[in-house]
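Participant: Quick mapping for you: the protein sequence lines, in order, are chains A and B. Counting in the working numbering, the first sequence runs from 1 upward without gaps. Counting in the working numbering, the second sequence runs from 1 upward without gaps.
The hints are simulated quantities; they were obtained by calculation from the structure and are not laboratory data. Possibly wrong hints are sitting among the right ones.
[Unchecked claim] Computed list of lysine to any residue pairs in SDA-like fashion (alpha-carbon distance at most 20 angstroms, straight line): (1) Lys7/A <-> Val23/A; (2) Lys446/B <-> Lys63/A; (3) Lys468/B <-> Phe444/B; (4) Lys257/B <-> Lys84/A; (5) Lys84/A <-> Val313/B; (6) Lys53/A <-> Lys63/A; (7) Lys84/A <-> Asp455/B; (8) Lys53/A <-> Lys257/B; (9) Lys327/B <-> Leu122/B; (10) Lys84/A <-> Leu179/B; (11) Lys196/B <-> Thr67/A; (12) Lys475/B <-> Ser432/B; (13) Lys84/A <-> Thr126/B; (14) Lys327/B <-> Val313/B; (15) Lys514/B <-> Gly501/B; (16) Lys196/B <-> Gln223/B; (17) Lys53/A <-> Ala397/B; (18) Lys475/B <-> Phe444/B; (19) Lys84/A <-> Arg200/B; (20) Lys468/B <-> Lys257/B; (21) Lys53/A <-> Leu122/B; (22) Lys84/A <-> Gly180/B; (23) Lys216/B <-> Ile517/B; (24) Lys216/B <-> Thr30/B; (25) Lys53/A <-> Gly180/B; (26) Lys53/A <-> Asp123/B; (27) Lys53/A <-> Thr67/A; (28) Lys194/B <-> Glu221/B; (29) Lys446/B <-> Ala42/A; (30) Lys468/B <-> Asp455/B; (31) Lys84/A <-> Lys115/B; (32) Lys196/B <-> Ala85/A; (33) Lys514/B <-> Asn267/B; (34) Lys115/B <-> Arg98/B; (35) Lys84/A <-> Ser432/B.
[Unchecked claim] Not the full set, but computed from the structure, chain B residues with beta-carbon under 8 angstroms of chain A: (36) Gly100; (37) Arg131; (38) Arg200; (39) Ala301; (40) Gly305.
Ideal Cβ positions, reconstructed from N, Cα and C, are used throughout, including at glycine.
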Amino acid sequence: MWAYIVKRLLLAIPVILGVAFMVFAMVRLVPGDPARIIAGEAATQEIIEGIRKDMGLDRPLLKQFATFMGNALRGDFGRSVRSKAPVAGEVAARLPNTVRLATAGLFVAIVVGVSAGIISAIRPYSWMDTVVMLIALAGLSMPVFWSGLMLILIFAVWLGWLPAVGTGGMAHLVLPAVTLGMSTAAIIARMSRSSMLEVLRSDYIRTARAKGLAEAAVVNRHAFRNALIPVITVVGLQMGTLLSGAVLTETVFAWPGIGRLLVEGILSRDYPIVQASVLVVAMAFVLVNLMVDVLYAVVDPRIHYD
Amino acid sequence: MRRALALIAAIALTGALVISAAAAPAVTPTRGGTLIVGSGVDAVTLDAPMITDSPSATVSEHMVESLYRLTPEGRIVPMLALGHTVSADGRTWTIRLRTGVRFHDGTPFDAEAVKFNLDRMLDPATRAPFRFLISRITSVTVVDSSTVRLVTDAVFAPLLAHFTHSSVGMQSPTAVRRLGVDYARQPVGTGPFKFKEWVRGDRVVMTRNDDYWGEKAFLDEVQFRVIPDDGSRVAALEAGSIHVAVRVPPREIERLKTARDFTVFVNDSLRTIYVGFNVTRPPFNDVRLRRALNHAVTKTAIVNGALFGTARVSDAPIVPAVEGYSKIMTYEFDLERAEALLREAGYSRARPLRAVFHHPSGRYIRDAEIAASIQGLVRRAGIELELRTMEWGAYLALTNRPQPENDVQMYMLGWGTVTGDADYGLYALFHSSQWVPTGSNRSFYKNDRVDALLDRGRTTVDQAERNKIYAEAMKIIMDDAPWLFLHSESQVTGIRHTAQGVVVHPAERIELFKAWIRR
Chain A
1 MWAYIVKRLL LAIPVILGVA FMVFAMVRLV PGDPARIIAG EAATQEIIEG
51 IRKDMGLDRP LLKQFATFMG NALRGDFGRS VRSKAPVAGE VAARLPNTVR
101 LATAGLFVAI VVGVSAGIIS AIRPYSWMDT VVMLIALAGL SMPVFWSGLM
151 LILIFAVWLG WLPAVGTGGM AHLVLPAVTL GMSTAAIIAR MSRSSMLEVL
201 RSDYIRTARA KGLAEAAVVN RHAFRNALIP VITVVGLQMG TLLSGAVLTE
251 TVFAWPGIGR LLVEGILSRD YPIVQASVLV VAMAFVLVNL MVDVLYAVVD
301 PRIHYD
Chain B
1 MRRALALIAA IALTGALVIS AAAAPAVTPT RGGTLIVGSG VDAVTLDAPM
51 ITDSPSATVS EHMVESLYRL TPEGRIVPML ALGHTVSADG RTWTIRLRTG
101 VRFHDGTPFD AEAVKFNLDR MLDPATRAPF RFLISRITSV TVVDSSTVRL
151 VTDAVFAPLL AHFTHSSVGM QSPTAVRRLG VDYARQPVGT GPFKFKEWVR
201 GDRVVMTRND DYWGEKAFLD EVQFRVIPDD GSRVAALEAG SIHVAVRVPP
251 REIERLKTAR DFTVFVNDSL RTIYVGFNVT RPPFNDVRLR RALNHAVTKT
301 AIVNGALFGT ARVSDAPIVP AVEGYSKIMT YEFDLERAEA LLREAGYSRA
351 RPLRAVFHHP SGRYIRDAEI AASIQGLVRR AGIELELRTM EWGAYLALTN
401 RPQPENDVQM YMLGWGTVTG DADYGLYALF HSSQWVPTGS NRSFYKNDRV
451 DALLDRGRTT VDQAERNKIY AEAMKIIMDD APWLFLHSES QVTGIRHTAQ
501 GVVVHPAERI ELFKAWIRR
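Produce the entire structure from the sequences given, and follow the hints as far as they go.
Facilitator: Encoded structure:
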């Protein structure tokens, strides 16, 4: 198992390098001059040329890339072209917020999604199944900028129970986590339901029932674990997505996470910010994928990595 | 000596009476508390000469002050300066400075500090985007600790107005030298508030400067919180999480009228919104077509429809609050006149005028909706516009290309004359030396008479004379119609009743210098 993990981590290096080059080239291919955006509409050409020179944008592209990678390997991602703040610090300041929101959102999604999926699967095609799956469909269809605003309206403006926006204590986390969790919960619910239904139809479940086990034991001990594998895959993919920044949720709740940093970076052509954020996101994806693969083996003893 | 002291005491007392009398009809301000402003975007940099956006300037001006200040009423008053004299030839300015003022880090504010700040902004290596505001200054000399002398290469009338600009703010030389590039995240000025912390993307926090040279602030703390989503910002105001919400969407005004805890204010701004034509290329090198579009658009329909009445139809290229403004004209909505002009130029309903109209989305209040309105309105005159909505960065790059390669036919932009002086609002936009990428003349407009008038406006000191010069220039400009003249934006701000003394400055700033919390 450890050898497998080390191998996977080594394999991640070319992936990260590839991502680094792609994002480096892509931000420069997008039309729009960072120097012009920094300097504003009123600045003279002389100032703009000066800024381009300071940023090293007048040098050949490959040289720029070499400098960028050389510095990045030493942990120096440069300074934001707009704010002049060290990029590593900017990303490091946002990352904990993103991880906190993603984890809380995923927690909501798993608890709600898996429970809903199982309840539906136990009584398929009953009224309960229909209601739960309708709610799941609604959750999936509601855009977060709408559902988020509705939650703010109800729980912050009308009831006054929770803060409307911003970061702070646990109370600040509730609404964004629920908003973020809702759409993901819907996906997990649908996946859990179909996976559970499939397992419940299998021979070993029939055997378990035939030997007189209580239904609760059948579901909890025999079906649940086996139904989890596809659910873990979905959860893993969702975790990656959530870590790469839930931009809309972050925007609605004024949550300073990596998603907003990335989008603002792109809009202002802040190359160093975009490069560093995308690299962090890529690493998060690689790590989460690895974790998912390891989890398979933990959940299903039949899976080995040798 | 004793008599002098008595006199000073008497003056001080009168001053005190005036202040308390002014405050008496309302409730007496109370000291203390934290006031929270919800703004749409975070500050970018807090190093004054590097600031180009109003959210950064709003935050900065609470900590960093300039030599002069533009009041919300549009007057230029001394701030860190006490007054100035200009030599007979108009090129030497002697500025007397306020004494006994210290920066937040204890560094004295004196002539050396002024020289340091002006030299720093003038140094091309600083890359100050607004360097052109003071670039006519050729030398800054320290006369004594409270007097500086400036020499300009020519008479430059707008200098005083330009000194009010936030980018010419006075910052502690000690801090600038010590912190280097990191200064941008921890500014040190002389203002009524001191920097406390900046959580990027979340908030900037400032505390009261108890050693302030002027009347001290009432608030203990001021926070500028970033709430990017318009709906969330309004909800946060309704929930009481913030005291002030900037940029309330105009469509919300009606609904929020019934709110008990806050009021939505509509204030003028110095920003003019316009659609520029490239006057050097077909089809808009024909003035008849430019005028036809001006006549074909019902500006009041845009103001009342898309903007819910929160704007003012332009009657000059600059707004009334700007020094040098005078009412010139408005192209009245006249479909017949528009069609006649089109016919003269060889267009008809069978052969309609077609053009591509580039515009940004989300940069100005309801910009994309306004562009769509214009498209619909001019169709009645038989003009077919194709809309190209663009992201801001790409849009700037596109419209900023030099004349030979610039094929943009029509573009929408806004310009805030934040110095409150006509020179800033006209020179960069209409002088032929200012064609992009050098300046901001994206229409490639050139009229020798206008050039001469704008040059004279800069070098004429007498304001009445300047007003006449600018009136003549604006009249020619409006007649030449390099723009489709639209409107000036308003600032729509929600303020909770507990927050008193909050000022919405026309230069798109929220000022909390004298604000206080009612308990």
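Participant: Does each hint fit the structure? Answer for all of them.
Facilitator: Each hint tested on the structure:
1. With a C-alpha separation of about 25 angstroms, the suggested pair lysine 7/A and valine 23/A falls outside the 20 angstroms cut-off, and the hint is violated.
2. As the CA atoms of lysine 446/B and lysine 63/A are separated by approximately 42 angstroms, the hinted pair breaks the 20 angstroms bound.
3. At most 20 angstroms may separate the alpha-carbon atoms for a hinted pair to count; lysine 468/B and phenylalanine 444/B exceed this at roughly 25 angstroms.
4. Between lysine 257/B and lysine 84/A, the direct Cα distance comes to roughly 42 angstroms. Violation of the 20 angstroms bound is thereby established for this hinted pair.
5. Simply put, lysine 84/A and valine 313/B have alpha-carbon atoms about 39 angstroms apart, too far for the 20 angstroms limit, and the pair is violated.
6. Proposed proximity of lysine 53/A and lysine 63/A is supported: the alpha carbons are some 14 angstroms apart, at most 20 angstroms.
7. Of the supplied pair hints, the one linking lysine 84/A and aspartate 455/B is violated, its CA atoms being roughly 37 angstroms apart against a limit of 20 angstroms.
8. This hinted pair does not check out: lysine 53/A and lysine 257/B have alpha carbons roughly 52 angstroms apart, beyond 20 angstroms.
9. The suggested pairing of lysine 327/B with leucine 122/B is violated, with an alpha-carbon distance near 35 angstroms, which exceeds 20 angstroms.
10. The straight-line distance between the Cα atoms of lysine 84/A and leucine 179/B is roughly 12 angstroms, inside the 20 angstroms bound, and the hint therefore holds.
11. A hinted pair counts as satisfied when its Cα atoms are at most 20 angstroms apart, and lysine 196/B with threonine 67/A does not qualify at roughly 35 angstroms.
12. For a cut-off of 20 angstroms, the pair hint linking lysine 475/B to serine 432/B stands: about 17 angstroms separates their Cα positions.
13. With a C-alpha separation of about 13 angstroms, the suggested pairing of lysine 84/A with threonine 126/B holds against the 20 angstroms cut-off.
14. Restraint check: the Cα-Cα separation between lysine 327/B and valine 313/B comes to about 11 angstroms, which is no more than 20 angstroms; the hinted pair holds.
15. The suggested pairing of lysine 514/B with glycine 501/B holds, with an alpha-carbon distance near 6 angstroms, which does not exceed 20 angstroms.
16. With a C-alpha separation of about 10 angstroms, the suggested pairing of lysine 196/B with glutamine 223/B holds against the 20 angstroms cut-off.
17. With a C-alpha separation of about 17 angstroms, the suggested pair lysine 53/A and alanine 397/B falls inside the 20 angstroms cut-off, and the hint holds.
18. Taking the CA atoms of lysine 475/B and phenylalanine 444/B, the gap is near 18 angstroms; set against the 20 angstroms cutoff, the hint holds.
19. A C-alpha spacing of about 12 angstroms is found between lysine 84/A and arginine 200/B, which places the hinted pair at or below 20 angstroms, so the restraint holds.
20. For the given pair, lysine 468/B sits about 42 angstroms from lysine 257/B by alpha-carbon distance, which is inconsistent with the 20 angstroms threshold.
21. Only pairs whose Cα atoms come within 20 angstroms are accepted, and lysine 53/A paired with leucine 122/B is accepted, the gap being roughly 18 angstroms.
22. The straight-line distance between the Cα atoms of lysine 84/A and glycine 180/B is roughly 10 angstroms, inside the 20 angstroms bound, and the hint therefore holds.
23. Proposed proximity of lysine 216/B and isoleucine 517/B is supported: the alpha carbons are some 15 angstroms apart, at most 20 angstroms.
24. Among the hinted pairs, lysine 216/B with threonine 30/B is consistent with the structure: their alpha-carbon atoms are about 12 angstroms apart, no more than 20 angstroms.
25. The straight-line distance between the Cα atoms of lysine 53/A and glycine 180/B is roughly 19 angstroms, inside the 20 angstroms bound, and the hint therefore holds.
26. Annotation: proposed proximity of lysine 53/A to aspartate 123/B holds, straight-line Cα distance about 16 angstroms (limit 20 angstroms).
27. Pair hint lysine 53/A plus threonine 67/A holds up; C-alpha atoms about 15 angstroms apart against a cutoff of 20 angstroms.
28. A distance of roughly 9 angstroms separates the Cα atoms of lysine 194/B and glutamate 221/B; the hinted pair therefore holds under the 20 angstroms criterion.
29. For a cut-off of 20 angstroms, the pair hint linking lysine 446/B to alanine 42/A stands: about 18 angstroms separates their Cα positions.
30. Proposed proximity of lysine 468/B and aspartate 455/B is supported: the alpha carbons are some 13 angstroms apart, at most 20 angstroms.
31. At most 20 angstroms may separate the alpha-carbon atoms for a hinted pair to count; lysine 84/A and lysine 115/B exceed this at roughly 24 angstroms.
32. Taken as a hint, the lysine 196/B and alanine 85/A pair is honoured in the structure, with Cα atoms around 17 angstroms apart against an allowance of 20 angstroms.
33. At roughly 18 angstroms between alpha-carbon atoms, lysine 514/B and asparagine 267/B fall within 20 angstroms of each other, so this suggested pair holds.
34. Among the hinted pairs, lysine 115/B with arginine 98/B is consistent with the structure: their alpha-carbon atoms are about 15 angstroms apart, no more than 20 angstroms.
35. Straight-line distance between C-alpha atoms of lysine 84/A and serine 432/B comes to about 34 angstroms, which puts the hinted pair past the 20 angstroms bound.
36. Given hint, glycine 100/B at the interface with chain A, is violated; its Cβ is 33 angstroms from that chain's nearest Cβ, farther than 8 angstroms.
37. With a cut of 8 angstroms, the hint placing arginine 131/B at the interface with chain A holds, because the nearest CB-to-CB distance is about 6 angstroms.
38. With a least beta-carbon distance of about 6 angstroms to chain A, the hint placing arginine 200/B at the interface is held under the 8 angstroms criterion.
39. A hinted interface residue such as alanine 301/B counts as satisfied when its beta carbon comes closer than 8 angstroms to some beta carbon of chain A; here the least separation is about 27 angstroms, so the hint is violated.
40. Hint on glycine 305/B is violated. Least Cβ distance to chain A is approximately 25 angstroms, over the 8 angstroms limit.
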